[in-house]
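Participant: Here is how the chains run, residue by residue.
There are 2 protein chains.
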Amino acid sequence: MTIDVFFSPAVVDETSVEGKTAVVIDVIRATSTLVEALANGAKAIFPTLSTEEAVKLASSLGREDTLLCGERKGLKVEGFDLGNSPAEFTAEVVGGKQLVMTTTNGTRAFAAVEAADRVLAASFLNLSAVVEALEGGGDLVIVCSGRENRFSLDDALCAGLLLQRLGVDGDGDVVMNDAARVAADLASNYTVSADFLGSTAAGKNLLGIGLESDLELCASLDRHSLVPEMRERRISVPPQEGLDT
Amino acid sequence: MTIDVFFSPAVVDETSVEGKTAVVIDVIRATSTLVEALANGAKAIFPTLSTEEAVKLASSLGREDTLLCGERKGLKVEGFDLGNSPAEFTAEVVGGKQLVMTTTNGTRAFAAVEAADRVLAASFLNLSAVVEALEGGGDLVIVCSGRENRFSLDDALCAGLLLQRLGVDGDGDVVMNDAARVAADLASNYTVSADFLGSTAAGKNLLGIGLESDLELCASLDRHSLVPEMRERRISVPPQEGLDT
Chain A
1128 MTIDVFFSPA
1138 VVDETSVEGK
1148 TAVVIDVIRA
1158 TSTLVEALAN
1168 GAKAIFPTLS
1178 TEEAVKLASS
1188 LGREDTLLCG
1198 ERKGLKVEGF
1208 DLGNSPAEFT
1218 AEVVGGKQLV
1228 MTTTNGTRAF
1238 AAVEAADRVL
1248 AASFLNLSAV
1258 VEALEGGGDL
1268 VIVCSGRENR
1278 FSLDDALCAG
1288 LLLQRLGVDG
1298 DGDVVMNDAA
1308 RVAADLASNY
1318 TVSADFLGST
1328 AAGKNLLGIG
1338 LESDLELCAS
1348 LDRHSLVPEM
1358 RERRISVPPQ
1368 EGLDT
Chain B
1128 MTIDVFFSPA
1138 VVDETSVEGK
1148 TAVVIDVIRA
1158 TSTLVEALAN
1168 GAKAIFPTLS
1178 TEEAVKLASS
1188 LGREDTLLCG
1198 ERKGLKVEGF
1208 DLGNSPAEFT
1218 AEVVGGKQLV
1228 MTTTNGTRAF
1238 AAVEAADRVL
1248 AASFLNLSAV
1258 VEALEGGGDL
1268 VIVCSGRENR
1278 FSLDDALCAG
1288 LLLQRLGVDG
1298 DGDVVMNDAA
1308 RVAADLASNY
1318 TVSADFLGST
1328 AAGKNLLGIG
1338 LESDLELCAS
1348 LDRHSLVPEM
1358 RERRISVPPQ
1368 EGLDT
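Protein chains in written order, with my numbering: chain A, 1128 to 1372; chain B, 1128 to 1372.
I should point out that these hints are in silico values taken from the structure, not numbers from a laboratory. Please note that a few of the clues may not be correct.
Because identical chains share one entry, a pair is satisfied inside a single copy or across any pair of copies.
[What the hints assert, rightly or not] Derived pair list, reagent style SDA-like, types lysine to any residue, alpha-carbon separation capped at 20 Å: (1) K1170 with S1186; (2) K1170 with D1208; (3) K1203 with A1242; (4) K1331 with V1301; (5) K1203 with L1184.
The shape of chain A in the complex, shown without the other chains:
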């Protein structure tokens, strides 16, 4: 079994993910937000790379049941219904809706792993559920969304906690790439908290634009027990797994 971690979607190619399960992580904030949205009754999320593509897709899906969501430079795109703060995605707002979502980093990561056999979304909010979904599985690729293709500590720690909870440490039959070894080490060096997130580059950026309340929510370990899965560019909770409340 192999476990590869990539600290940036830019270095992921088709051969890196083909035949494997891919887990996409964007702690601050895309995967945290989509877990929150699905937990609050959103039917599905469609990630798009550009705002133009988002507008077009929302229009073709039918605007009455679809919300346009996403950010540029951390802030809600002008004219969109929602930004990328998980707290915006309440049951009242997103229940029964489809969401079209474009974010700076997270949607790139989903695009990078489209060739994988299976694509799951992880954040601190649903970490244990993802671990459970992966147990006994085959080759694994974890893609950290990073920031503008650069290393992001919040995503790397989430990857590391995932590895720690999967019980892999580089010994035995599991072959880990260099980045996976380092991510696994991080789990012993840091503790998940709003303060920790606020010390990372992505967290400092949120503090700078007045969105510090997002940090507490993004640091909420195992707040939900669902595992979002992407099929045909549509992210939802597969029926057999049900929704938590």
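Mind docking chain B on chain A? Use the hints.
Facilitator: Same frame as chain A, now just chain B:
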């Protein structure tokens, strides 16, 4: 003072390095090899991105005093004088010569930092000398050459040891980016040795092509006390610093 580490040259842009000192690291093997070559009396090294550019430059410099060096997929380029194994660069072979050198990852990193105020080359072979050259300096950027733009543990540990020896830990007045924080942590988790290098992706690749003897040399901490510096795409030891023996 800011210290930024980049795990790949692909994410370094001009604004990342302008006005700063940049340190390029390619433990396996470009910066190890060029330190060894300069210690053995090579006059200068000219890094080039392509083999074609290397051949052209060597020809314009005059082939009698110039050696063509470099690798593709780890092995010597056909028709070149030398590959990229530091042990090839003995005083008998490189003394008094200019070297034109093209490698898969290291030369990309030098190209990425051309806009910096000052560009130094570091490896385990000259780590203390680089630390001494940096003491009391201003903003610092450390660029790990990586492997095909991906994270490389050998380079990251070298960056981390550099930070550890500089005495920076993220507290106090030094502002470190996320990657610098992680690199600094690595210094406590790993020890430099041929075995360690053999456990990394780059090291495994060398083992696979029968170049395991390079690992011992690349792990030789402080074997030399010189600091290569790049000026106008020419890497040499500035006269005031002299050559060690």
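Participant: With reference to the structure, classify each hint as holding or not holding.
Facilitator: Status of each hint after checking the structure:
{"no.": "1", "hint": "K1170 with S1186", "in the structure": "within (17 Å within a copy, 65 Å between copies)"}
{"no.": "2", "hint": "K1170 with D1208", "in the structure": "within (16 Å within a copy, 63 Å between copies)"}
{"no.": "3", "hint": "K1203 with A1242", "in the structure": "neither (30 Å within a copy, 34 Å between copies)"}
{"no.": "4", "hint": "K1331 with V1301", "in the structure": "between (35 Å within a copy, 16 Å between copies)"}
{"no.": "5", "hint": "K1203 with L1184", "in the structure": "within (18 Å within a copy, 51 Å between copies)"}
Violated hint for the displayed structure: number 3, the only one.
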